[in-house]
Amino acid sequence: VSAERIRQIEAKAMQKMRSHLIALA
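Residues 8 to 32 (our numbering) are what the sequence shown spells out, left to right.
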């Protein structure tokens, strides 16, 4: 897995967590 791929996955996970937190709020 390349660093670029890890960055993409991290960005996606962050977006998911953010939307989840917003939904809970």
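Note that these hints are calculated values from the structure, not bench results.
You may find that some hints are simply not true.
Below, in silico cross-link-like pairs of lysine to any residue (SDA-like), each with a Cα-Cα straight-line distance of 20 Å or less [as the list claims (entries may be wrong)]:
| hint | residue 1 | residue 2 |
| --- | --- | --- |
| 1 | 19 | 8 |
| 2 | 23 | 11 |
| 3 | 23 | 13 |
| 4 | 19 | 29 |
| 5 | 19 | 30 |
Outcome of the hint check:
1. 19 with 8: holds, 16 Å
2. 23 with 11: Holds - the C-alpha atoms of residue 11 and residue 23 are around 19 Å apart, at most 20 Å.
3. 23 with 13: Since the Cα atoms of residue 23 and residue 13 sit roughly 15 Å apart, the hinted pair holds (cutoff 20 Å).
4. 19 with 29: holds, 15 Å
5. 19 with 30: holds, 17 Å
The structure agrees with every numbered hint stated previously.
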